[in-house]
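Visitor: If you want the building blocks of each chain, they are given just below.
2 protein chains.
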Amino acid sequence: MPAHPLKTLIEAADRAITAEDFDSLMDFYAEDATLVVKPGLEARGKEQIRRAFVAIAEHFNHSMLVRQGAMQVIEGAGTALVIMHTLLDTLDRDGVASTLERRVTYVFRHEPSGAWRCVIDNSYGTDLLDG
Amino acid sequence: MPAHPLKTLIEAADRAITAEDFDSLMDFYAEDATLVVKPGLEARGKEQIRRAFVAIAEHFNHSMLVRQGAMQVIEGAGTALVIMHTLLDTLDRDGVASTLERRVTYVFRHEPSGAWRCVIDNSYGTDLLDG
Chain A
204 MPAHPLKTLI
214 EAADRAITAE
224 DFDSLMDFYA
234 EDATLVVKPG
244 LEARGKEQIR
254 RAFVAIAEHF
264 NHSMLVRQGA
274 MQVIEGAGTA
284 LVIMHTLLDT
294 LDRDGVASTL
304 ERRVTYVFRH
314 EPSGAWRCVI
324 DNSYGTDLLD
334 G
Chain B
204 MPAHPLKTLI
214 EAADRAITAE
224 DFDSLMDFYA
234 EDATLVVKPG
244 LEARGKEQIR
254 RAFVAIAEHF
264 NHSMLVRQGA
274 MQVIEGAGTA
284 LVIMHTLLDT
294 LDRDGVASTL
304 ERRVTYVFRH
314 EPSGAWRCVI
324 DNSYGTDLLD
334 G
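Those protein sequences? They're chains A and B, same order as listed. Residue numbers for the first sequence follow the numbering used here, beginning at 204 and rising by one. Residue numbers for the second sequence follow the numbering used here, beginning at 204 and rising by one.
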C-alpha cells in the first residue's frame, strides 16, 4: 500500500524544520493556521508561526532532528486528523543529546487545489490536558 | 469566562447518546463526517455513524452515561480540535457498573451558518497508536 500523501508531506515539513528552512516550512500551513507552541501558548497565522519556529530552533540550540514513528490518519469531510509518534533529537549547550518522544495531533484541510494544508499543529496531543 | 460553545454542544450530544436519541445526535455531524468506531474500524457519513451508535448502545446494554472532564479547544482556519477527558459509565448484563476513561479527540468545522459540525470523532485519542 502506498504511504498516505500526508506522511510524505509531514516528512518534508520535518526536514524543513531540521534544516531551519522556515520559508519552505510555511508552505505547509494554511494562512490562518494555529500552532500550539507550548501548553497555553498558541501562534496564529503564518507570521506568528514562523516567529515561533525561529524561537524554538534557538531554544534547542539549532540542533533539532525530527523523526516520525507510527502514524494514523482519519479523514472526514475534507479534513484529516493525523495522530503520530514523533521523536525529537536535540543537543544542549554542552553537546549532550536527548530525545523527546511525543504523540502529536495535526489537523489538515484538503484544499480545492488538491493540496493538504495544516490548519492546527498540536505537538502535545492529549497531554495538553495535563497542563 | 463563558464556556466555549463547543463545550455546550458536546454536552448536548452526550445527552443525546445517553437518551439514545440518535436522530438528534446526527444533527451534530457533518454529512460526510467520520466516526472511529474502534481502532481500525471507521463509520463514514451520517447513515453509517447512526448505525454504529445503535450497535454501540446495544453493546453497552443500553446503559451508557457519558460525562465530560477537562477540555481544551484549539481553533485554526475555521476548524477546531477538541481534546477532552471523557468518562463513560456503563452496566454489564448482570448490572455491574464500570467506567471507561478516555482522552478523546474531535475535529469540528465552523459552517458558514455559524454552526459547528463534527467532521471527525475519535474517542480513542492518541491511544490509536497502540492498536
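For the record, the hints were derived by calculation from the structure and aren't laboratory data. A couple of the hints might just be wrong.
Identical chains share a label here; the pair holds if one copy fits it or two copies do between them.
As the list claims (entries may be wrong) - Straight line, CA to CA, 20 Å or less: simulated SDA-like cross-link-like pairs of lysine to any residue:
hint, residue 1, residue 2
1, K210, T293
2, K210, L294
3, K249, H288
4, K210, V299
5, K210, A246
6, K241, A260
7, K241, P315
8, K241, S227
9, K210, L332
10, K249, S301
11, K210, G334
12, K210, T221
13, K210, D330
14, K210, D235
Visitor: Check K210 against L332 for me: Cα-Cα at most 20 Å, and say if that holds within a copy, between copies, both or neither.
Guide: Close across copies (15 Å), not inside one copy (26 Å); limit 20 Å.
Visitor: Please sort K210 with L294 into within, between, both or neither, judging by C-alpha distance up to 20 Å.
Guide: neither (26 Å within a copy, 40 Å between copies)
Visitor: For the identical chains here, do K249 and S301 meet the 20 Å Cα criterion within one copy, between copies, both, or neither?
Guide: neither (29 Å within a copy, 46 Å between copies)
Visitor: When no copy is named, should K210 and T221 be tagged within, between, both, or neither for a Cα gap of at most 20 Å?
Guide: within (17 Å within a copy, 37 Å between copies)
Visitor: Regarding K241 and A260, is the shortest C-alpha distance of 20 Å or less found within a copy, between copies, in both, or in neither?
Guide: within (14 Å within a copy, 38 Å between copies)
Visitor: When no copy is specified for K210 and A246, does a C-alpha distance of 20 Å or less occur within a copy, between copies, both, or neither?
Guide: For K210 and A246, neither the intra-copy (23 Å) nor the inter-copy (22 Å) Cα distance is at most 20 Å.
Visitor: Indicate which option fits the pair K210, V299 if close means a Cα-Cα distance not exceeding 20 Å: within, between, both or neither.
Guide: neither (30 Å within a copy, 44 Å between copies)
Visitor: Go through the copies and call it for K210 and D330: within, between, both or neither, with a Cα cutoff of 20 Å.
Guide: Close across copies (19 Å), not inside one copy (22 Å); limit 20 Å.
Visitor: How do K210 and T293 come out at 20 Å by Cα distance, when the copy is not named: within, between, both, or neither?
Guide: neither (22 Å within a copy, 37 Å between copies)
Visitor: Between the shortest in-copy and the shortest cross-copy C-alpha distance, which are at most 20 Å for K249 and H288: within, between, both, or neither?
Guide: Neither. Shortest intra-copy (24 Å) and inter-copy (30 Å) distances fail the 20 Å Cα cut-off.
Visitor: Which holds for K241 with S227 at a C-alpha limit of 20 Å: within a copy, between copies, both or neither?
Guide: Neither. Shortest intra-copy (22 Å) and inter-copy (37 Å) distances fail the 20 Å Cα cut-off.
Visitor: Give the relationship of K210 and G334 under a CA distance limit of 20 Å: within one copy only, between copies only, both, or neither.
Guide: This pair counts as between: shortest inter-copy Cα distance 18 Å, intra-copy 28 Å.
Figure legend: structure checked against the earlier numbered hints; hints not met, in rising order: 1, 2, 3, 4, 5, 7, 8, 10, 14.
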